[in-house]
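Student: For the working numbering, count along the sequence shown from 1 and bump the result up by 6.
Note that these hints are calculated values from the structure, not bench results. In this text the structure is predicted, and so the values were computed from the model without any measurement. All C-beta atoms in this analysis are idealised placements derived from N, C-alpha and C, irrespective of residue type, glycine included. Worth double-checking, as some hints may not be accurate.
Just the calculated beta-carbon pair ranges, DEER-fashion [to be verified]:
#1 Gly28 x Asn71: 40 to 50 Å
#2 Val27 x Glu117: 41 to 51 Å
#3 Pro15 x Gly66: 23 to 33 Å
#4 Ala61 x Trp124: 18 to 28 Å
#5 Phe114 x Pro63: 33 to 43 Å
#6 Trp57 x Pro144: 48 to 58 Å
#7 Pro15 x Ser46: 17 to 27 Å
#8 Thr42 x Trp124: 17 to 27 Å
#9 Phe83 x Ala129: 55 to 65 Å
#10 Leu165 x Pro63: 30 to 40 Å
#11 Gln121 x Gly88: 38 to 48 Å
#12 Leu23 x Leu44: 45 to 55 Å
#13 Phe17 x Val53: 43 to 53 Å
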Amino acid sequence: MLQAFLVLPAFGAVWLLAAPVGLGRRLRDLALATGTLLVSAGWWVLVVELWPADARPYIGGSQHNSVLELVFGYNGFGRLTGDEVGSVGGGAGGVPGGWGETGLRRLFDAELGGQASWLIPAAAVLLGALLWWTRRAPRTDQPRAAALLWGGWLAVTGLVFSLMAGIFHGYYLVALAPRSVRWSGSGP
Numbered sequence: 007m008l009q010a011f012l013v014l015p016a017f018g019a020v021w022l023l024a025a026p027v028g029l030g031r032r033l034r035d036l037a038l039a040t041g042t043l044l045v046s047a048g049w050w051v052l053v054v055e056l057w058p059a060d061a062r063p064y065i066g067g068s069q070h071n072s073v074l075e076l077v078f079g080y081n082g083f084g085r086l087t088g089d090e091v092g093s094v095g096g097g098a099g100g101v102p103g104g105w106g107e108t109g110l111r112r113l114f115d116a117e118l119g120g121q122a123s124w125l126i127p128a129a130a131v132l133l134g135a136l137l138w139w140t141r142r143a144p145r146t147d148q149p150r151a152a153a154l155l156w157g158g159w160l161a162v163t164g165l166v167f168s169l170m171a172g173i174f175h176g177y178y179l180v181a182l183a184p185r186s187v188r189w190s191g192s193g194p
């Protein structure tokens with residue numbers, strides 16, 4: 007339930023660093039975006055939690071009919087820490103916990119390496135080359151901002167997937183792939 011938020015550190019950092027507006031506006035816009043995110047992502051959780059438990063469908067995957075339990079436990083932080091009350095166990099390679107060995111080499115192991123991780127070294131080299139090529143460009147340079155955005159996205163998501171101790175599936179790797187975004191140059 008929290009995987010969609012993995013891109014936010016890169017988006018926020020690149021906005022603060024490279025947006026084509028003054029620092030005050032960048033800070034204000036980021037605060038506004040954060041508030042909007044909390045409202046748009048949290049309204050459903052709030053409604054479900056406020057609805058009487060005996061009048062709503064049972065929140066599957068929770069132990070106590072609580073969506074907050076899912077967000078902060080089994081489907082959220084529990085995936086990071088491995089403390090997933092109600093987890094179904096695992097089955098990856100007979101490793102205790104069943105979801106594969108954690109560590110910086112996880113994405114390159116025999117199970118995951120052939121899926122998408124073989125592109126990571128090429129992406130890192132090209133990212134380094136693009137950052138070097140744009141080193142003297144203005145702060146708002148779009149190619150450098152794009153490189154920082156996609157590189158930050160890859161770094162945060164890759165580190166989380168490498169180090170998470172809870173439920174992990176190979177299809178999560180699709181989150182490593184950038185999506186097309188067009189920078190308007192005029193702010194949000």
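Student: Quick check on a hinted range of 48 to 58 Å for Trp57 and Pro144, using CB atoms only.
Tutor: 51 Å, holds
Student: Taking the CB of Pro15 and the CB of Gly66, does the distance hold inside 23 to 33 Å?
Tutor: 30 Å, holds
Student: Determine whether the Cβ-Cβ distance between Phe17 and Val53 falls within the hinted range of 43 to 53 Å.
Tutor: 26 Å, violated
Student: Do Phe83 and Ala129 keep their Cβ atoms within the hinted range of 55 to 65 Å?
Tutor: 28 Å, violated
Student: That 33 to 43 Å hint for Phe114 and Pro63 (C-beta), does it hold up?
Tutor: Hint holds: Cβ distance 41 Å, inside 33 to 43 Å.
Student: Indicate whether the distance between the beta carbons of Ala61 and Trp124 respects the range 18 to 28 Å.
Tutor: 50 Å, violated
Student: With 17 to 27 Å as the target window, see if Thr42 and Trp124 comply at their CB atoms.
Tutor: Violated, at about 37 Å.
Student: Taking 30 to 40 Å as the stated bounds, is the beta-carbon spacing between Leu165 and Pro63 within them?
Tutor: 36 Å, holds
Student: Measuring from beta carbon to beta carbon, are Leu23 and Leu44 in 45 to 55 Å?
Tutor: 23 Å, violated
Student: Within 40 to 50 Å: is that where the Cβ-Cβ distance between Gly28 and Asn71 falls?
Tutor: Holds - the Cβ-Cβ distance for Gly28 and Asn71, about 48 Å, lies within 40 to 50 Å.
Student: Regarding Val27 and Glu117, is the given constraint of 41 to 51 Å on their beta-carbon distance met?
Tutor: 45 Å, holds
Student: Just tell me: holds or violated, for the beta carbon distance of Pro15 and Ser46 against 17 to 27 Å?
Tutor: 18 Å, holds
Comparing the model with each earlier hint shows violations of hints 4, 8, 9, 11, 12 and 13; every other hint is respected.
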